[in-house]
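Participant: Residue numbers (our numbering), protein chains in the order written: chain A, 631 to 962; chain B, 631 to 962; chain C, 631 to 962; chain D, 631 to 962; chain E, 631 to 962; chain F, 631 to 962.
Possibly wrong hints are sitting among the right ones.
Since the list can't tell identical chains apart, any single copy or any two copies may satisfy a pair.
Unchecked claim - The list that follows gives simulated cross-link-like pairs (lysine-lysine, DSS-like), each with its CA atoms no further than 25 Å apart:
#: 1; residue 1: K755; residue 2: K824
#: 2; residue 1: K958; residue 2: K870
#: 3; residue 1: K755; residue 2: K870
#: 4; residue 1: K824; residue 2: K805
#: 5; residue 1: K817; residue 2: K755
#: 6; residue 1: K652; residue 2: K805
#: 7; residue 1: K805; residue 2: K958
#: 8; residue 1: K824; residue 2: K870
#: 9; residue 1: K652; residue 2: K824
#: 10; residue 1: K870; residue 2: K805
#: 11; residue 1: K652; residue 2: K870
#: 12; residue 1: K755; residue 2: K652
#: 13; residue 1: K817; residue 2: K870
#: 14; residue 1: K817; residue 2: K958
Keep in mind the hints are simulated off the structure, nothing from the lab.
Number of protein chains: 6
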Amino acid sequence: MSFGDESIRNNPVTGEEYNPQKSPRYSGVSTFMRAPLLEMTGEELSSLDIGMVGVPFDGGVTFRPGARLGPKAIREASRLMRTLHHATQVAPFDLCRVRDLGDVNFQNHYDINNCVEDMIAYYSKLHQAGVAPLSVGGDHSISYPILKAIASDQPVAMIHFDAHTDTMGPLFGSKFHHGAPFYHAAKEGLIDPKHCIQIGIRGSEHHGTPNNSLEMGMRVIFIEEFVTMGVEAVIAEARKIVGDMPTYITFDVDGLDPIYAPGTGTPESGGIHMREAQQILRGLRGINFIGGDVVEVAPCYDPTEITAQTGATLMFEILCLLSEATAKRNHG
Amino acid sequence: MSFGDESIRNNPVTGEEYNPQKSPRYSGVSTFMRAPLLEMTGEELSSLDIGMVGVPFDGGVTFRPGARLGPKAIREASRLMRTLHHATQVAPFDLCRVRDLGDVNFQNHYDINNCVEDMIAYYSKLHQAGVAPLSVGGDHSISYPILKAIASDQPVAMIHFDAHTDTMGPLFGSKFHHGAPFYHAAKEGLIDPKHCIQIGIRGSEHHGTPNNSLEMGMRVIFIEEFVTMGVEAVIAEARKIVGDMPTYITFDVDGLDPIYAPGTGTPESGGIHMREAQQILRGLRGINFIGGDVVEVAPCYDPTEITAQTGATLMFEILCLLSEATAKRNHG
Amino acid sequence: MSFGDESIRNNPVTGEEYNPQKSPRYSGVSTFMRAPLLEMTGEELSSLDIGMVGVPFDGGVTFRPGARLGPKAIREASRLMRTLHHATQVAPFDLCRVRDLGDVNFQNHYDINNCVEDMIAYYSKLHQAGVAPLSVGGDHSISYPILKAIASDQPVAMIHFDAHTDTMGPLFGSKFHHGAPFYHAAKEGLIDPKHCIQIGIRGSEHHGTPNNSLEMGMRVIFIEEFVTMGVEAVIAEARKIVGDMPTYITFDVDGLDPIYAPGTGTPESGGIHMREAQQILRGLRGINFIGGDVVEVAPCYDPTEITAQTGATLMFEILCLLSEATAKRNHG
Amino acid sequence: MSFGDESIRNNPVTGEEYNPQKSPRYSGVSTFMRAPLLEMTGEELSSLDIGMVGVPFDGGVTFRPGARLGPKAIREASRLMRTLHHATQVAPFDLCRVRDLGDVNFQNHYDINNCVEDMIAYYSKLHQAGVAPLSVGGDHSISYPILKAIASDQPVAMIHFDAHTDTMGPLFGSKFHHGAPFYHAAKEGLIDPKHCIQIGIRGSEHHGTPNNSLEMGMRVIFIEEFVTMGVEAVIAEARKIVGDMPTYITFDVDGLDPIYAPGTGTPESGGIHMREAQQILRGLRGINFIGGDVVEVAPCYDPTEITAQTGATLMFEILCLLSEATAKRNHG
Amino acid sequence: MSFGDESIRNNPVTGEEYNPQKSPRYSGVSTFMRAPLLEMTGEELSSLDIGMVGVPFDGGVTFRPGARLGPKAIREASRLMRTLHHATQVAPFDLCRVRDLGDVNFQNHYDINNCVEDMIAYYSKLHQAGVAPLSVGGDHSISYPILKAIASDQPVAMIHFDAHTDTMGPLFGSKFHHGAPFYHAAKEGLIDPKHCIQIGIRGSEHHGTPNNSLEMGMRVIFIEEFVTMGVEAVIAEARKIVGDMPTYITFDVDGLDPIYAPGTGTPESGGIHMREAQQILRGLRGINFIGGDVVEVAPCYDPTEITAQTGATLMFEILCLLSEATAKRNHG
Amino acid sequence: MSFGDESIRNNPVTGEEYNPQKSPRYSGVSTFMRAPLLEMTGEELSSLDIGMVGVPFDGGVTFRPGARLGPKAIREASRLMRTLHHATQVAPFDLCRVRDLGDVNFQNHYDINNCVEDMIAYYSKLHQAGVAPLSVGGDHSISYPILKAIASDQPVAMIHFDAHTDTMGPLFGSKFHHGAPFYHAAKEGLIDPKHCIQIGIRGSEHHGTPNNSLEMGMRVIFIEEFVTMGVEAVIAEARKIVGDMPTYITFDVDGLDPIYAPGTGTPESGGIHMREAQQILRGLRGINFIGGDVVEVAPCYDPTEITAQTGATLMFEILCLLSEATAKRNHG
């Protein structure tokens with residue numbers, strides 16, 4: 631099955647056929663990986679396999695804001711992506727019908743509770759249409775409403791890259807914030823902690839802050855253990871934890887060392903290296919992924935633009951994983 | 631009366647006397663203009679004339695966040711300020727007891743309504759203690775709670791520099807946002823529109839958006855009229871509008887041309903030049919200022935740091951105005 | 631006549647109606663001023679009044695390249711634009727059907743002669759369809775092929791803002807380059823030199839380089855004369871020169887002082903100020919504009935992004951002029 | 631013993647209790663790790679265990695200046711630090727009374743000899759009061775006067791991370807410069823070369839420049855040997871070299887690869903990775919540390935701010951080591 | 631008389647003739663304005679009219695260092711300069727034999743007194759050879775030794791652009807620093823205060839700091855008076871003050887508004903605009919200039935590079951003035 | 631044999647002897663590694679062993695231009711290099727007579743075919759004079775004409791570091807571009823594919839793009855294999871492939887991870903680390919190198935300047951290899 635040719639369009643002025651994904655990368659309007667925009671194609675939502683969604687929300691941060699500008703930065707940077715994974719030979723746009731769905735619209739972006747509702751509603755629609763979501767944040771608080779929508783039937787497994795566990799309780803007076811999505815997801819049975827793995831955790835803490843991840847039974851690979859284990863063991867552990875459950879994958883760019891992602895709100899020195907991240911991601915083929923996200927790209931702190939490039943690259947790696955799993959589910 | 635010598639302190643290790651405001655500007659801890667920090671001196675709040683306050687809140691922006699980092703950026707940049715205004719010969723730290731009060735603490739920075747309450751409570755305490763506030767934002771939504779606290783007894787006049795009128799009604803579902811502070815302030819009788827002047831207004835709009843400033847009777851000097859009138863006429867107009875009323879002064883750095891303040895959330899090309907702003911501010915001596923603020927410095931968009939320098943300079947100009955007025959009220 | 635409501639679309643997932651031009655400015659896919667993309671609407675080219683075109687070509691520069699990334703930078707920055715000009719009350723999207731046409735496709739971007747051919751072909755199609763072009767470069771060499779296409783019937787008048795005359799002959803072995811477009815345009819009768827005015831010219835030169843603009847009869851306002859004349863006289867002069875001829879307007883951002891456009895290939899100190907440029911542009915209402923361009927935005931030299939904001943603002947000013955003239959021609 | 635609660639203070643306006651070290655990280659005045667400032671608490675110097683000191687001196691550099699701005703940059707960046715080390719569970723502010731002492735004052739910052747005298751006097755006072763210093767440079771020339779003050783009784787051991795040995799003799803006519811501190815320290819018996827280890831040394835040289843470190847008997851681990859040995863062997867070697875002697879630790883950020891510290895005066899490609907540095911530092915627990923420093927952060931060369939984050943993180947790692955050793959000495 | 635053709639050289643590989651000053655501006659080794667380097671031509675020093683000299687010294691700053699990197703930044707930026715002044719038609723390289731002399735070598739750059747001696751010796755040699763110096767700093771402390779060398783016979787007049795008077799006495803323990811050059815120059819009879827004019831002075835001060843410029847009889851045009859007078863009156867005043875005396879011209883880029891020179895150590899908001907500076911400089915033709923300098927470009931604070939462009943442009947303007955005066959003296 | 635003292639020159643003003651390569655690194659005119667410029671020394675081309683050449687050409691890029699500014703950026707950054715390799719103790723300037731030859735001059739930089747001709751002519755002259763070239767790009771398209779000139783007699787072996795194979799056929803209508811140099815070099819018998827090794831290859835692709843490197847018989851070490859093999863095995867493989875053939879070495883900085891080279895046109899995440907690259911290069915001693923290049927440094931995308939530092943460091947590593955091989959050939 632091959633959907634890749636659906637990217638071809640005609641220049642609206644000259645009528646010439648061209649494929650934006652194969653045109654010079656400095657030209658054309660920015661969509662995620664230069665894929666077609668659903669608003670442009672007018673296709674039925676339910677005809678899609680995978681929807682790439684921007685979630686320009688950073689109302690959940692604890693320190694430096696700016697991740698609301700992540701989707702537009704990653705759309706730009708994803709011009710660097712082509713259509714075939716050189717190492718795995720996966721061609722996501724051939725395996726699945728993949729579209730850029732634009733951004734989530736918010737009714738009231740000043741009210742985090744309201745935004746959570748909007749996101750739940752949005753992703754519920756997607757889920758009902760049978761479309762697997764690949765989202766770009768925004769801060770990490772977006773993962774809770776996504777899970778609320780797509781894991782409403784049964785708990786899912788999760789592979790989570792991050793410097794922080796993001797399983798805190800309320801903070802500074804709010805239930806929702808970017809350090810809490812997986813606390814609520816676990817408490818509400820959206821993710822099954824025993825089938826969740828968190829990779830790259832590190833950074834100074836405060837006395838008396840419980841590690842809810844460990845208390846709830848998640849597998850936490852701190853960066854120190856990560857270094858000792860090596861990449862192959864991490865892959866094996868992740869595969870063991872999630873098994874054949876439907877699995878969500880979430881990548882907070884601050885899980886990487888800040889050299890790869892200086893443009894993020896709460897960097898922590900000494901993280902995962904990009905080659906390691908890529909090697910791990912490629913080692914996760916065959917898992918039954920049902921969705922994923924890349925979060926916490928805040929481009930305003932990074933004049934080199936490497937953070938957005940990093941985010942776009944991770945998004946492509948995850949898209950390859952998700953398209954294999956989705957093609958298997960949808961197209962056999 | 632002279633309070634300036636109160637800045638002198640002893641090096642805690644060597645015991646040597648030094649004046650942080652006159653030490654090399656690359657050294658020492660950053661406070662606003664290197665003034666004493668109230669938490670350091672332990673003085674009674676009520677002994678102060680003027681309190682310099684950081685308000686690290688940007689939960690009210692419509693586009694690019696980052697102004698929550700304004701207070702720390704301006705504390706750093708205000709190292710460039712000395713203690714005597716070269717043109718007016720005003721020495722604010724001699725005329726008044728001026729302290730850095732640190733930043734407003736928020737209970738729940740995710741809830742704009744709650745933050746507004748916190749700010750009202752904070753500034754009410756200040757007001758009750760008889761301290762005139764000079765605040766550094768944060769976004770422009772902070773001006774409403776400040777006015778709510780300090781103009782609770784009677785409406786005040788206002789001089790407002792900005793690219794935007796900030797008298798909009800609710801937006802994107804929220805009553806409070808950085809485009810609305812003066813709508814509420816006027817509606818609630820905190821400011822008297824007939825004694826309010828807005829200077830530098832410009833920027834594209836949408837059909838059907840009412841100009842509430844004009845409808846409520848404020849004097850609006852659009853940038854086009856500003857250019858035609860010239861600086862002296864603007865000064866005269868401002869003085870006429872506010873008369874001898876107690877007057878609040880608020881300076882949104884986006885009122886300036888973006889060349890002086892690229893680090894702001896919603897820049898508008900073609901604004902006030904810095905020399906014009908300084909000339910106008912110096913032309914406002916003698917007005918009965920009771921407080922002021924400088925807002926919308928978002929340093930993450932400006933690697934040259936000129937925005938913070940601009941903000942610190944405006945803050946010093948306003949401090950000079952406020953210290954003259956306050957000294958007259960408090961010390962005759 | 632009002633076309634503005636055509637911007638409204640439905641969220642492809644939730645079905646909610648929204649107007650991208652009035653949504654929060656950090657969200658959604660970037661098109662010029664968030665206008666509809668013709669490839670998205672599928673409308674007939676001939677139904678348009680004005681086409682906004684990106685021309686990502688910088689193969690004609692003499693010094694620093696990078697303007698090929700101008701269209702994407704200006705698409706991003708034009709999020710700051712709204713739909714109504716605050717000073718002139720012109721609403722271009724209501725007056726005319728205006729669409730983003732995407733970027734010109736090039737067959738061989740390594741061959742400047744070939745690219746010139748591609749551009750001529752592209753703009754000829756537009757011209758034949760009766761669509762007025764508003765282009766975003768790219769370097770200034772793009773103006774020649776545009777004029778070749780749209781002024782093929784009869785010479786047009788021209789208003790040209792720039793630090794350089796761009797009427798040089800061959801340079802470094804090439805007929806085409808960004809210093810030559812108007813030499814060829816004049817020599818080939820596309821523009822009538824006597825009805826051309828160049829504003830803001832300056833910068834060091836070499837002995838023996840003829841000033842072809844003056845020799846061909848153009849009106850050249852060097853920056854020194856500009857300062858002496860004042861803005862009103864410049865407006866009057868421009869109006870006199872172009873008269874009621876069909877007129878092309880071209881704005882090289884290096885005509886402005888580099889403080890407004892550090893991100894350009896060949897900056898020249900001491901240029902036009904933004905307020906002056908805006909005042910002049912607004913003074914040109916009523917001229918029979920048939921097209922225009924904004925060129926030489928090279929974002930890689932400007933981490934503050936002010937150059938792209940400047941470019942987007944100029945583009946909006948020109949769009950207002952062009953929409954008034956086009957509405958008059960097309961819709962009476 | 632626990633001193634951590636001493637960080638709690640009252641908001642000087644509202645009277646509310648708050649702990650700056652646990653408040654939102656964008657708020658409040660910047661001190662090292664948001665610890666109390668001694669000038670604020672007014673405590674007796676001799677009641678402290680550890681003093682964090684800024685040394686804004688870069689008069690000893692050989693190439694690019696700017697490290698005088700290191701203390702203020704690291705104070706800002708250290709907002710990212712919390713109070714408990716996640717891997718070692720050391721809580722330095724609980725183990726010891728730790729204060730920010732502000733910056734060293736210089737009488738004449740134009741005269742390097744005079745500055746050295748000032749630093750010796752300052753650190754002698756600290757040393758006499760029994761306070762262990764943790765300093766932030768400034769350039770590496772500051773380590774000599776620190777050692778002169780604190781190792782005056784007997785030679786100490788040293789662990790030194792750097793790209794350069796900093797044991798050169800006079801250069802460009804001066805005895806003191808940032809390439810010489812450990813030459814003088816060894817020659818004057820402040821450090822015992824046989825108990826000194828230098829880690830990460832590399833970079834091109836000139837023929838005929840003697841390697842004084844080797845000649846004086848220091849253990850030098852060039853980066854090539856470092857890579858071959860691996861981190862565990864480096865730790866073992868460092869522990870063996872310093873034994874149970876009182877030990878000074880000094881970390882020049884240019885010892886790291888420039889990707890972690892682009893903001894430094896003399897970067898050398900191919901250095902220590904941050905994870906390695908952290909692993910080594912954590913492997914040094916139990917050594918009898920009596921002081922330490924982090925030097926050569928020159929923020930002006932690094933718009934991403936990663937250098938200051940790196941510096942703050944290293945400072946926290948060293949603080950954890952120093953607080954354990956100091957608590958053992960002072961509090962058993 | 632015409633020396634311009636002496637710039638032509640042969641490609642050392644192909645033998646082709648080329649003129650670096652007229653080659654594409656991205657190519658070739660950087661010298662000031664791509665002029666020949668004296669070390670390359672091997673000409674006699676005494677055969678020159680004007681020497682362009684880099685003075686990479688910033689040991690005299692009071693706040694932010696970095697101006698030692700000014701000469702290399704301005705050499706790079708001066709690629710933008712051509713060979714003929716477009717407004718005055720002065721062709722400095724035709725009028726005079728102008729060479730890049732490289733940089734001043736220092737014996738001991740850590741000792742400001744020693745550096746002052748080195749500079750005096752260097753410029754004395756130049757002066758004895760009859761070469762007029764055009765220097766690029768470095769900080770402003772370099773002007774004193776230059777004057778010491780070239781005005782040893784008789785006092786000269788001076789035109790000085792700056793935000794600061796630079797006539798302070800000793801500061802922070804040192805006689806020499808960048809705020810003092812003209813104090814010493816006047817006290818030692820190198821400049822005649824009655825024939826000195828300082829333009830653009832501003833910025834906050836401290837009580838009790840005497841204005842030595844006024845006390846010594848210099849004409850000080852503060853920025854406020856500057857704005858009121860207008861450019862033509864400033865020119866007239868400057869011409870009147872210096873009369874027909876031999877005149878030195880010194881331009882500190884912080885005299886300009888920081889928008890033109892963010893990359894400087896001590897910016898002061900609200901300064902001279904570039905068009906004004908250029909207009910004034912062009913109004914000074916005919917004055918008997920004997921030397922000049924451009925100082926305080928510290929490129930590390932300015933990622934846009936506009937400061938270096940500004941500095942290069944000012945240098946070219948001054949070169950035009952100096953070459954006219956020198957040609958008149960040397961070649962009639 | 632030792633040529634190093636030939637770098638010593640006399641200050642043209644004071645006559646003092648100095649060695650630019652050992653002077654403070656902030657001073658003097660920028661040449662590659664501060665080596666003498668051939669145009670300055672006036673030596674016979676044929677007396678040289680190695681020529682360092684700038685090739686400011688980026689007309690072959692597929693995405694982001696800017697590498698034409700690579701030579702000037704690397705000249706500046708190479709101030710960080712000294713004269714002796716610390717690990718190998720190779721002193722290239724002693725072993726060989728090495729000069730900076732300046733930049734290649736182009737007749738018509740708008741025409742890539744013409745530029746290729748110019749480069750062939752230039753390098754043919756060098757080759758005929760017996761000078762081994764060490765070139766700095768510019769984009770990677772420069773390697774073809776270099777090889778055309780220096781491998782005209784017999785095919786050479788090649789060691790190639792890159793993210794891309796650069797063996798594509800025509801693209802976007804052009805035979806020549808930066809993705810094609812080694813396709814043509816192999817097809818024309820300039821390099822022998824069986825003796826070519828490409829290291830670090832990665833990045834997404836398109837279906838149907840043949841891997842010409844593999845098809846032509848080159849040894850391609852994709853980054854995944856690279857990680858698995860380890861550095862020592864890569865060295866062994868490279869040595870085996872090239873054997874004792876004359877060997878060209880080409881290093882595209884995008885072969886490194888983008889953290890070391892954000893300033894490049896087409897970065898690909900997850901590349902070679904700098905320590906690995908250095909270790910490999912040092913492992914190649916003894917190979918019969920006849921030339922080399924470092925390409926694709928585009929400084930405008932990197933405000934931290936690390937890319938240019940990286941490029942300068944690689945250039946020094948390659949110079950050491952080339953000087954050993956050349957000394958052996960030329961001086962025994």
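Participant: Does each hint fit the structure? Answer for all of them.
Facilitator: Results of checking the hints against the structure:
no.: 1; hint: K755 <-> K824; result: neither (28 Å within a copy, 50 Å between copies)
no.: 2; hint: K958 <-> K870; result: within (20 Å within a copy, 44 Å between copies)
no.: 3; hint: K755 <-> K870; result: neither (31 Å within a copy, 58 Å between copies)
no.: 4; hint: K824 <-> K805; result: within (23 Å within a copy, 43 Å between copies)
no.: 5; hint: K817 <-> K755; result: within (23 Å within a copy, 41 Å between copies)
no.: 6; hint: K652 <-> K805; result: between (45 Å within a copy, 18 Å between copies)
no.: 7; hint: K805 <-> K958; result: neither (37 Å within a copy, 41 Å between copies)
no.: 8; hint: K824 <-> K870; result: within (11 Å within a copy, 43 Å between copies)
no.: 9; hint: K652 <-> K824; result: neither (43 Å within a copy, 31 Å between copies)
no.: 10; hint: K870 <-> K805; result: neither (32 Å within a copy, 50 Å between copies)
no.: 11; hint: K652 <-> K870; result: neither (38 Å within a copy, 37 Å between copies)
no.: 12; hint: K755 <-> K652; result: between (32 Å within a copy, 24 Å between copies)
no.: 13; hint: K817 <-> K870; result: within (22 Å within a copy, 50 Å between copies)
no.: 14; hint: K817 <-> K958; result: neither (31 Å within a copy, 42 Å between copies)
Of the numbered hints stated above, those contradicted by the structure are hints 1, 3, 7, 9, 10, 11 and 14, listed in ascending order.
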